[in-house]
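A.B. asks: The lines below spell out each chain.
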Amino acid sequence: MIIQSIQTLWQKLQDTQPLVHCITNSVANNFVANVCLAVGASPAMIDNKQEAGNFARIASALSINTGTPTPEQALAMQYAAQSANAEHTSWVLDPVGYSEILAWRSQIVDDLLQYHPTIIRGNASEIASLAGAQSSSKGVDSTLDSNQVIDQAQQLLGTCDCVAISGMTDYILSKALGIFAITGGSNLQPKVTAMGCALGAVCAAYLGVVEEDQSPALAAIAAHVHFAIAAQIAEEKMIAQNVGIGSFQILFLDALFQIAADDFEKVEINQIAK
Amino acid sequence: MIIQSIQTLWQKLQDTQPLVHCITNSVANNFVANVCLAVGASPAMIDNKQEAGNFARIASALSINTGTPTPEQALAMQYAAQSANAEHTSWVLDPVGYSEILAWRSQIVDDLLQYHPTIIRGNASEIASLAGAQSSSKGVDSTLDSNQVIDQAQQLLGTCDCVAISGMTDYILSKALGIFAITGGSNLQPKVTAMGCALGAVCAAYLGVVEEDQSPALAAIAAHVHFAIAAQIAEEKMIAQNVGIGSFQILFLDALFQIAADDFEKVEINQIAK
Amino acid sequence: MIIQSIQTLWQKLQDTQPLVHCITNSVANNFVANVCLAVGASPAMIDNKQEAGNFARIASALSINTGTPTPEQALAMQYAAQSANAEHTSWVLDPVGYSEILAWRSQIVDDLLQYHPTIIRGNASEIASLAGAQSSSKGVDSTLDSNQVIDQAQQLLGTCDCVAISGMTDYILSKALGIFAITGGSNLQPKVTAMGCALGAVCAAYLGVVEEDQSPALAAIAAHVHFAIAAQIAEEKMIAQNVGIGSFQILFLDALFQIAADDFEKVEINQIAK
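Chains as they are written, first to last, in the numbering used here: chain A, 142 to 415; chain B, 142 to 415; chain C, 142 to 415.
In short, the hints are calculated from the structure, not lab data. Among these hints, one or two may not hold up.
A pair holds if it fits inside one copy or across any two, identical chains being indistinguishable in the list.
As the list claims (entries may be wrong) - Here are the simulated DSS-like pairs of lysine-lysine, each with C-alpha atoms no more than 25 Å apart in a straight line: (1) LYS415 x LYS279; (2) LYS407 x LYS190; (3) LYS332 x LYS378; (4) LYS279 x LYS153; (5) LYS279 x LYS190.
On a predicted model such as this, the values are computed, not experimentally measured, just so you know.
Work the whole structure out from these sequences, hints included.
C.D. replies: Here it is, written out as structure tokens:
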């Protein structure tokens with residue numbers, strides 16, 4: 142039944158091409174824009190403080206990512222999140238690098254929480270740190286498995302409607318839908334930079350098409366399933382063609398774009414708690 | 142006859158590899174640099190206010206794009222345009238996102254017009270807005286067709302030597318050569334981010350090799366034809382190989398690079414007004 | 142014997158995946174991160190002044206590149222270099238665009254020299270300029286051959302432990318190992334933007350795994366050999382598949398990633414001075 146809802150949402154994404162306002166990092170922005178286009182959305186990367194607040198008002202959804210903040214961009218994030226909150230526009234917070242060692246951006250993220258993100262998406266280290274646990278990371282990469290931080294992630298459900306933890310298995314937590322586990326994808330995903338960042342923006346793309354009476358967690362689930370299937374297909378082709386990680390990235394974009402409704406049945410998705 | 146002029150210009154581009162000074166957005170800069178290299182130019186992305194004015198003096202041509210401006214970068218644009226104007230160096234203005242909702246950058250663009258851009262290049266929404274018409278857009282994407290804004294675009298020919306409107310059909314307007322319509326390309330181009338931004342830089346690359354007695358409109362025509370053919374070839378190969386949008390981008394770069402003089406005959410180009 | 146040391150170092154890179162702190166330019170950052178991942182390192186692009194100094198303390202190595210500096214980023218470079226120097230962490234300085242015409246960044250580079258970079262890596266024009274010679278360049282591209290500037294480069298060996306000059310033949314200079322010449326690679330490398338920038342970061346990746354009793358020059362040699370072989374393989378495949386420069390970039394990433402220990406024997410490496 143969940144698969145059917147995802148397929149319907151995906152079709153709506155293709156039909157309406159929602160405008161997704163992205164404020165992301167300088168490593169990711171080209172890839173994020175191309176991923177958004179490949180899944181069917183219309184991205185606009187407006188990240189200056191002069192325009193971001195105003196622009197967030199007209200977007201279907203907003204995605205904020207703290208990979209390479211500057212003081213100017215941090216203000217753009219604040220103004221955009223403020224607008225989104227005021228206009229009841231759904232938005233995604235991707236707290237890249239949240240940790241003790243990267244204290245400045247972590248404070249930026251803390252400040253953004255007041256604007257009630259719809260989805261908080263991150264790797265296990267980031268989610269655990271954000272939930273207040275002592276955690277460790279390797280730069281911006283996680284040193285924890287996603288299943289280790291589910292309990293801690295629950296604590297964030299007062300701050301947002303949905304928490305998405307990416308890893309070998311992805312976990313999507315919400316009060317509305319409980320906990321969904323998505324298994325699949327490829328263990329090569331961490332070998333392509335900005336994969337997680339792009340996933341955050343795709344969550345926003347799907348948020349741009351969820352109905353009023355649907356949970357935003359459905360958008361997060363759809364985004365993670367779409368990603369996992371594309372990564373699976375890309376890895377299979379990479380191995381079959383005996384190519385490497387450069388080709389994997391291209392095959393992944395191809396798969397995001399070429400995906401058909403049937404493909405959504407290829408991934409393992411389980412509701413592990415209600 | 143126009144095809145022959147384009148072929149000659151293209152050959153000159155290969156032979157001289159002009160230095161093209163690009164001030165572009167953070168989503169586009171890697172792709173723009175690679176596109177410039179693929180067509181035969183030598184790009185340099187100098188976008189700080191301390192160096193941009195000085196550097197524009199030694200470049201063969203300048204390309205300015207307002208996709209993700211910062212206050213610092215806006216000054217770099219101003220100083221570079223000022224230098225280009227003072228040195229009679231040709232330059233391209235690509236007013237990405239020009240619209241009422243993105244008022245700050247639109248003011249930056251307005252201020253740059255005093256330095257008389259050689260070519261103004263944009264999509265239909267941007268060109269219409271810049272010409273003072275009420276217009277609408279979807280973020281940084283056009284909601285108008287290129288043929289709807291030709292009349293409005295004419296009004297910009299006092300401000301610049303040539304206006305290039307990209308779309309399903311591209312229109313190149315100038316007092317010297319009238320209106321040229323270029324049909325071809327691929328409708329997948331808007332599905333790859335920064336395609337338009339790269340086209341602006343390629344206009345600058347061709348401006349770097351036009352002779353004194355040639356119209357800058359010839360550079361714009363050559364750039365659009367080069368782009369359209371490459372996109373056509375890329376789409377054909379994408380379909381033949383049953384791949385997707387990630388591969389399309391790579392095949393497009395391949396085609397820009399592998400193009401031969403004969404290929405320039407593959408596109409439909411018509412002078413629709415004198 | 143040198144090949145064996147390189148193979149051992151490469152294996153260690155795969156096994157330990159050192160955290161490489163990169164402060165690089167906005168054209169290169171996505172490609173640099175993907176190249177670092179492809180060779181086996183774990184990159185983190187922390188380039189704000191609030192966090193860079195602190196982060197450099199926990200990284201295995203640091204790479205600083207002056208391609209598109211901003212005043213804020215220049216401070217991040219300074220703080221990171223200062224930390225690296227204080228912690229005896231090895232770091233690479235890639236003085237992109239060092240020249241008279243780009244005076245502002247050249248001053249930034251001059252200021253960074255006080256923190257004693259482990260490796261200075263650049264093209265022939267940059268290295269000659271930095272060594273105080275009158276030099277010329279075409280934007281950020283070299284107009285000199287690498288073999289023309291070996292003598293000048295020697296003068297930098299007081300300021301750093303190793304100088305790496307890239308070109309048709311790469312030269313790696315150090316007091317410990319003399320001068321090594323690496324021939325191979327592909328003459329298509331300058332046709333892909335940020336190739337040199339990525340090479341600087343790969344030098345840092347290898348610095349992250351050299352032993353205390355090994356010369357940092359070994360890291361530079363390993364990085365240049367790894368790059369040269371991958372470029373060779375990529376060009377061979379590009380020609381065999383009759384594709385172009387877009388595919389070359391992807392094939393290059395594939396080759397960096399798919400390289401096997403045996404492949405390191407494919408490149409010509411000679412100690413031309415002791």
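A.B. asks: Each hint: holds or not?
C.D. replies: Now the hints, each set against the structure:
Neither within a single protomer nor between protomers do LYS415 and LYS279 lie at most 25 Å apart by alpha-carbon distance, with minima of 33 Å and 39 Å respectively. For the identical chains of this complex, LYS407 and LYS190 are neighbours neither inside a copy (42 Å) nor across copies (45 Å), given an alpha-carbon limit of 25 Å. In this homomeric assembly, LYS332 and LYS378 come within 25 Å of each other (Cα to Cα) both inside a single copy, at 16 Å, and across copies, at 22 Å. Only between protomers do LYS279 and LYS153 lie at most 25 Å apart by alpha-carbon distance; the minimum there is 17 Å, versus 38 Å within a single protomer.
When the C-alpha separation of LYS279 and LYS190 is checked against a cutoff of 25 Å, the pair qualifies only between copies, where the shortest distance is 20 Å, while the shortest distance within a copy is 31 Å.
Consistency with the previously given hints fails for numbers 1 and 2, ordered from lowest to highest.
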